[in-house]
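These are the residues of each chain, in order.
Number of protein chains: 2
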Amino acid sequence: MTIENAKNDLYALQRKLAAYDHALGLITYDGATTAPKGTADNRAASLSVLSEELYRLSTSNETVELLEYLDGEKEALTEKERRMVFLLLKDIREMKKIPIEEFVEFQELLVTADDVWHRAKEASDFEMFCPYLEKIFETTKRFALYVEPDKDPYDYSLNKFEEGITRKTLDEFFEKLRAGIVPLLKKIGEKEQVDDSIRFGFFPIEKQDELSYYLMKTIGLDLERVGLSTTEHPFTTSLGSHLDERITTHYFENDFVCSMYSVVHEGGHALYDTGSNRDLAYTVLDGGTSMGIHESQSRFYENIIGRSRAFCELVFPKLCELFPEQMKGRTAEELYIAVNKAEPSLIRTEADELTYSLHVMIRYELEKRIFDGELEVKELPKEWNRMYKEYLGIDVPDDKHGVLQDSHWSGGLIGYFPSYALGNAYGAQFLAKMKEELDVDSCIKSGDFSAINSWNREHIWRHGSLYSPSDILERVLEAPFNADYYIDYLNNKYNEIYSL
Amino acid sequence: MTIENAKNDLYALQRKLAAYDHALGLITYDGATTAPKGTADNRAASLSVLSEELYRLSTSNETVELLEYLDGEKEALTEKERRMVFLLLKDIREMKKIPIEEFVEFQELLVTADDVWHRAKEASDFEMFCPYLEKIFETTKRFALYVEPDKDPYDYSLNKFEEGITRKTLDEFFEKLRAGIVPLLKKIGEKEQVDDSIRFGFFPIEKQDELSYYLMKTIGLDLERVGLSTTEHPFTTSLGSHLDERITTHYFENDFVCSMYSVVHEGGHALYDTGSNRDLAYTVLDGGTSMGIHESQSRFYENIIGRSRAFCELVFPKLCELFPEQMKGRTAEELYIAVNKAEPSLIRTEADELTYSLHVMIRYELEKRIFDGELEVKELPKEWNRMYKEYLGIDVPDDKHGVLQDSHWSGGLIGYFPSYALGNAYGAQFLAKMKEELDVDSCIKSGDFSAINSWNREHIWRHGSLYSPSDILERVLEAPFNADYYIDYLNNKYNEIYSL
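Just so you know, the sequences run in chain order A and B.
Counting along the first sequence from 1, when you hit position 452 you're at 452 in the working numbering, and nothing is skipped either side.
Counting along the second sequence from 1, when you hit position 277 you're at 277 in the working numbering, and nothing is skipped either side.
Everything labelled a hint here was simulated from the structure, so no lab data went into it.
Misleading hints may appear alongside valid ones.
The list makes no distinction among identical chains, and a pair is therefore deemed to hold if it is satisfied within one copy or across any two copies.
Stated by the list, open to error - Listed next, the in silico EDC-like pairs over lysine to aspartate or glutamate satisfying Cα-Cα at most 16 Å (straight line):
(1) 37 with 222
(2) 37 with 224
(3) 168 with 155
(4) 341 with 195
(5) 318 with 333
(6) 378 with 52
(7) 141 with 155
(8) 433 with 474
(9) 168 with 437
(10) 80 with 448
(11) 96 with 390
(12) 368 with 152
(13) 382 with 365
Please put together the full structure from these sequences, using the hints given.
Structure follows, in structure tokens:
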């Protein structure tokens with residue numbers, strides 16, 4: 001093996017992995033967007049075969065030999081190639097510890113579980129979904145122990161989404177958030193609630209669709225490369241590479257705000273993915289480096305930008321054009337107040353910035369306790385409802401608006417939720433840094449996002465997964481990560497809105 | 001190798017092939033339906049990798065040994081297994097004669113060509129598409145000669161869509177059609193033209209969409225398994241197996257008839273595919289046996305059923321419900337007359353039953369002459385326009401309404417078009433046979449398609465590709481195929497409509 005041949009093989013291998021990724025991702029995306037309802041069995045059959053093929057390709061002797069050869073020739077590799085080899089080897093060494101039949105079985109389980117979850121949610125019937133969720137939790141824990149028998153399996157699960165994070169760090173982080181958020185929420189509860197009636201009424205889907213494309217264009221997405229579809233639960237996915245990106249939203253005819261912020265949130269993910277340097281396409285460095293950094297971008301665009309006064313002023317004329325009847329006599333300020341109303345609520349994705357992290361904490365606590373054997377999956381609805389009462393003071397009317405609301409667990413994404421809260425906090429610290437160089441509010445108000453996007457591209461997006469999340473934070477912040485920025489941001493914002 | 005293991009491997013192999021088929025088919029379908037416009041390069045990259053993987057799987061020594069072993073143990077195989085082995089071996093022996101790099105390059109070419117064709121059609125610019133089409137024709141011919149150096153390469157191309165057919169047979173068949181159709185069309189031309197104004201007006205897309213689902217349900221499609229999307233050019237595709245079927249249509253706001261018959265046509269394809277016996281799923285016997293038989297079903301539902309007086313009477317009340325303003329004062333009889341107006345026109349897919357075969361003949365003649373070296377691809381627009389003048393007496397205003405109208409060539413489907421004309425003729429003879437057992441008109445009028453569908457399922461659909469097209473014809477007809485049935489059908493229909 002010569003180093004030149006090996007390098008060629010390295011890129012060829014990654015092109016293959018990307019193509020399988022494209023196929024698997026598209027079959028899943030199709031299931032969520034377009035496929036007829038009764039076809040989950042057919043997708044499961046194909047996903048099972050293709051993930052087995054991918055597994056065999058990834059773990060073949062030929063692949064392992066190639067990567068180990070390159071790993072031994074580090075000085076002949078570029079920085080990017082070293083990271084590729086590192087990430088691939090890490091992944092393969094982990095995969096090889098999971099028996100292939102169990103791996104394939106799990107992929108099949110996830111397809112069926114996703115289908116069952118959709119139906120269970122529609123019927124608000126947790127029992128229907130429970131046996132699948134039990135298997136998902138059980139398998140996730142079992143796989144974690146296969147890979148790192150000596151590590152806390154929940155820490156392992158967290159690390160899949162945020163390299164290096166531990167429950168210890170998160171416990172402290174969430175404690176800090178709780179200490180900041182709960183008193184603020186209490187003070188707001190004592191004040192008169194603000195008026196958010198501007199968001200409710202009748203907003204035809206086709207007009208909301210126009211709004212979506214306007215927002216996508218406004219925040220700087222390339223519509224030749226980024227598509228929009230509708231799904232039960234909004235998400236973002238790259239198909240094969242960042243050169244074909246899809247976001248989804250969910251429209252509600254009686255409330256345009258839900259979809260508006262889904263589009264800006266998913267749009268933030270898409271900006272990050274599609275901002276990868278062109279030469280990272282068809283490599284494992286393509287796209288974002290961790291879910292925490294990913295959520296920092298999506299929630300930066302959704303909240304820090306999207307729920308700013310400047311953004312509301314920018315978007316308001318478009319709303320007047322699309323919904324002239326509904327917006328008659330309204331103002332941009334009313335929109336700003338409405339989209340920042342802080343109030344305990346049932347649905348995480350529709351929660352305001354302030355209460356959002358409490359939703360995340362509940363899920364984090366539940367996952368931990370299931371992993372620790374302190375809680376059984378079948379007890380989830382009862383415990384979910386109890387915690388919503390404790391943390392947010394509200395009663396959950398049914399499982400559809402409770403434990404069945406999120407798609408993450410049915411998709412096997414256990415350990416993911418903390419990424420959202422981390423993302424919020426990272427984003428607030430990025431903002432402070434960005435403001436040292438840019439007049440962020442003026443940029444937003446002008447509708448020209450190029451300076452903001454250039455800053456994010458320069459510091460974060462273009463690197464793809466070249467750096468670990470902690471490396472990215474260090475490079476951008478030039479200081480340790482500190483959740484105080486986020487608490488300060490929340491205090492400033494809500495003190496003003498609610499005249500606390 | 002034991003026979004039992006080998007049989008298991010045979011089914012496992014076919015499940016793999018089906019999964020790749022699913023992936024490749026879905027990436028292509030996504031490109032036509034949902035993908036953002038600028039992403040063809042990304043699809044080309046993945047299709048290239050996956051078709052190479054499929055090629056390697058299909059032609060591996062392991063696969064060939066397995067199939068040759070089974071081929072030598074015919075007496076231990078069921079009828080179905082014998083046919084599986086036969087079809088797989090035939091395919092593989094052909095594939096192995098095509099160098100893999102050329103095969104992969106062709107797949108990439110087709111993705112790009114499809115994208116260019118879409119843009120070229122929109123811009124009505126044949127020159128943009130010409131270099132791609134030249135390569136497609138050149139490669140198709142080259143591949144034909146790799147596989148069967150001693151066979152006429154156009155015969156080989158025809159056989160890919162209709163096993164056993166030759167240009168000699170087709171020349172005679174088309175001559176018979178021409179001799180029947182041209183005088184009939186001439187007689188009609190001398191009569192006063194019928195009124196088809198009922199189809200024109202304003203028909204909102206969402207109402208036409210409702211009509212599509214009504215039609216799909218009416219003809220007996222299982223909406224849990226069959227999906228509908230919109231595309232530039234309507235088509236039908238199975239994804240992985242007949243358990244997930246997709247049809248597409250194209251809506252025109254000013255004319256509901258176009259989409260109405262696209263849906264019924266593609267619905268006929270979907271009925272055939274989804275009518276395969278359940279145990280054929282994930283085998284090469286799944287779905288229709290040839291494009292001629294396939295078109296016999298699609299055009300049976302579109303024309304023989306769909307353009308019958310009984311069907312117009314059945315559908316008319318639904319049209320009145322969906323388009324009350326437009327249908328005010330109209331009758332089912334006016335619909336029947338309008339959808340059977342025979343008149344030379346520019347677009348094949350919108351042509352009436354009578355002139356349709358003339359459109360096909362033009363394409364057949366052009367393909368033959370290009371294969372024979374008598375015509376160059378760059379001369380196609382000029383020759384296309386000349387032949388439309390000669391065969392149909394009309395002037396082609398631009399390439400969009402001329403040589404660029406069909407998606408077949410950009411998709412590499414050279415030799416496909418005759419299937420449509422064969423399908424028309426097969427269908428007319430099937431109808432005569434069906435009428436010996438069923439009162440077809442009463443079935444249609446009642447809106448209950450179960451007897452008609454059962455007949456087709458029993459005789460045709462359930463077999464999938466177990467029998468060759470000629471075997472199917474023989475089994476159904478119990479007599480030789482005879483195009484006179486079609487000519488008689490046309491004469492009866494148009495003599496009555498135009499009082500000839």
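Cross-check of the supplied hints:
For a Cα distance limit of 16 Å, the shortest separation of residue 37 from residue 222 across copies, 11 Å, qualifies, whereas the shortest one inside one copy, 31 Å, does not. With identical chains, the CA atoms of residue 37 and residue 224 are at most 16 Å apart between copies only, with a shortest distance of 5 Å across copies and 29 Å within one. Taking identical chains as interchangeable, the C-alpha atoms of residue 168 and residue 155 lie at most 16 Å apart only when both belong to the same chain, with a minimum of 9 Å there against 72 Å between chains. Taking the shortest Cα distances, residue 341 and residue 195 sit within 16 Å of each other inside one copy (8 Å), while across copies they are farther apart (61 Å).
When the C-alpha separation of residue 318 and residue 333 is checked against a cutoff of 16 Å, the pair qualifies only within one copy, where the shortest distance is 15 Å, while the shortest distance between copies is 48 Å. Neither within a single protomer nor between protomers do residue 378 and residue 52 lie at most 16 Å apart by alpha-carbon distance, with minima of 31 Å and 46 Å respectively. For the homomeric pair residue 141 and residue 155, the shortest alpha-carbon distance inside one copy (10 Å) is at most 16 Å, but the shortest distance between copies (59 Å) is not. Proximity of residue 433 to residue 474 under the C-alpha cut-off of 16 Å is restricted to the intra-copy arrangement: shortest distance 12 Å within a copy versus 78 Å between copies.
For the identical chains of this complex, residue 168 and residue 437 are neighbours neither inside a copy (34 Å) nor across copies (77 Å), given an alpha-carbon limit of 16 Å. In this homomeric assembly, residue 80 and residue 448 never come within 16 Å of each other (Cα to Cα): the closest approach is 32 Å inside a single copy and 64 Å across copies. In this assembly of identical chains, the alpha carbons of residue 96 and residue 390 never lie at most 16 Å apart, being 43 Å within a copy and 68 Å across copies at closest. Taking the shortest Cα distances, residue 368 and residue 152 sit within 16 Å of each other inside one copy (10 Å), while across copies they are farther apart (70 Å).
Taking identical chains as interchangeable, the C-alpha atoms of residue 382 and residue 365 lie at most 16 Å apart only when both belong to the same chain, with a minimum of 14 Å there against 72 Å between chains.
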